[in-house]
Amino acid sequence: SAVISQKPSRDICQRGTSLTIQCQVDSQVTMMFWYRQQPGQSLTLIATANQGSEATYESGFVIDKFPISRPNLTFSTLTVSNMSPEDSSIYLCSVEPYTGVFGYTFGSGTRLTVV
Amino acid sequence: QKEVEQNSGPLSVPEGAIASLNCTYSDRGSQSFFWYRQYSGKSPELIMSIYSNGDKEDGRFTAQLNKASQYVSLLIRDSQPSDSATYLCAVGAGGTSYGKLTFGQGTILTVHP
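Chains D and L, in that order, are what the protein sequence lines are. Following the numbering used here, the numbering of the first sequence begins with 1 at its first residue and continues without gaps. Following the numbering used here, the numbering of the second sequence begins with 1 at its first residue and continues without gaps.
Since the hints were derived computationally from the structure, they do not count as laboratory data. Mixed in with the good hints there might be a few duds.
What the hints assert, rightly or not - Restraint ranges, calculated between C-beta atoms of paired labels, are given here:
no. : chain 1 : residue 1 : chain 2 : residue 2 : range
1   : L       : Ser8      : D       : Asp64     : 35 to 41 angstroms
2   : D       : Ser27     : L       : Asp58     : 20 to 26 angstroms
3   : L       : Tyr71     : D       : Gln41     : 22 to 28 angstroms
4   : D       : Ser69     : L       : Ile18     : 44 to 50 angstroms
5   : L       : Asn53     : D       : Phe75     : 35 to 41 angstroms
6   : L       : Ser40     : D       : Thr17     : 27 to 33 angstroms
7   : D       : Ile12     : L       : Gly9      : 26 to 32 angstroms
Claimed, not checked - Covered by chain D, according to a simulated footprint, are these stretches of chain L (three or more residues, beta-carbon under 8 angstroms):
no. : segment
8   : 39-50
9   : 75-82
10  : 104-112
Stated by the list, open to error - Simulated coverage check for chain D against chain L, where a stretch passes if three residues somewhere in it have a Cβ under 8 angstroms from a Cβ of chain L:
no. : segment
11  : 15-21
12  : 61-67
Backbone N, C-alpha and C fix where the C-beta goes; we use that ideal spot for every residue, glycine too.
Taking the hints into account, I'd like the entire structure generated from these sequences.
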């Protein structure tokens with residue numbers, strides 16, 4: 001299965017600032033997905049990032065707040081902009097590996113606390 | 001709005017028993033179905049995927065899918081204390097939404113010795 005490295009693993013940020021989260025995969029993948037898991041909640045898809053095209057955002061998420069880059073087939077970043085305490089969540093990237101294992105693998109996540 | 005509902009927990013079973021987790025989904029166009037296990041403070045770990053009606057077995061885990069009833073379940077046989085975790089049902093869309101997963105709210109399972 002694909003190995004996904006996500007950085008940072010956790011951070012505490014001041015409100016009004018921005019944080020960029022990196023996701024690195026050890027193999028080339030077409031689609032990368034960014035999810036948010038708010039405290040005590042399940043996962044919600046933020047956006048899908050394809051290499052060479054603009055990310056597509058789910059309802060309730062906008063590019064100005066969560067800009068995404070996808071410069072190549074193994075890497076993506078998610079920025080959480082102008083943060084407020086409501087952005088305190090775990091952010092996870094996910095891919096579908098090309099290894100014959102059917103299913104989506106998640107990175108270790110970034111635990112963000114906004115104070 | 002696409003919804004995925006899981007049986008409310010928490011679910012507590014004795015060690016060695018069968019744990020049964022259930023999930024229903026609203027989108028009839030859904031094409032892929034997954035069960036994830038999430039330990040506290042960790043990211044979700046894929047334990048089963050199923051695409052066709054019927055049963056799929058992998059070790060102590062059996063996933064069951066009934067598309068007509070829009071129902072998917074996970075059975076864990078010979079439950080162990082290490083199975084104690086939150087289990088997430090996820091449903092994958094088809095067509096232009098391929099790859100996008102909608103998650104249920106999760107069921108907390110506790111296996112007590």
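Evaluated hints:
A beta carbon spacing of about 37 angstroms between serine 8 of chain L and aspartate 64 of chain D agrees with the range 35 to 41 angstroms that was offered as a hint. Between serine 27 of chain D and aspartate 58 of chain L the Cβ separation comes to about 23 angstroms, which falls inside the hinted range of 20 to 26 angstroms. Under the hint 22 to 28 angstroms, the C-beta atoms of tyrosine 71 of chain L and glutamine 41 of chain D, about 23 angstroms apart, fit the expected range. Separated by about 46 angstroms at the C-beta atoms, serine 69 of chain D and isoleucine 18 of chain L satisfy the suggested range of 44 to 50 angstroms.
Judged by the Cβ atoms, the range 35 to 41 angstroms given for asparagine 53 of chain L and phenylalanine 75 of chain D holds: they are separated by roughly 38 angstroms. Checked against the hint of 27 to 33 angstroms, the pair serine 40 of chain L and threonine 17 of chain D passes, with Cβ atoms roughly 28 angstroms apart. Look at isoleucine 12 of chain D against glycine 9 of chain L: about 31 angstroms separates their beta carbons, and that is inside 26 to 32 angstroms. Taking a C-beta to C-beta cut-off of 8 angstroms, the segment 39-50 of chain L contributes 6 residues in contact with chain D, enough for the three needed, and the coverage statement holds.
For the segment 75-82 of chain L, the assignment as covered by chain D is violated, since 0 residues bring a beta-carbon within under 8 angstroms of that chain's beta-carbons and 3 are needed. Check on the segment 104-112 of chain L: 3 of its residues sit with their Cβ under 8 angstroms from a Cβ of chain D, so the three-residue criterion for coverage holds. Only residues whose beta carbon comes within less than 8 angstroms of a beta carbon in chain L count, and the segment 15-21 of chain D has 0; fewer than three means the coverage is violated. For the segment 61-67 of chain D, the assignment as covered by chain L is violated, since 0 residues bring a beta-carbon within under 8 angstroms of that chain's beta-carbons and 3 are needed.
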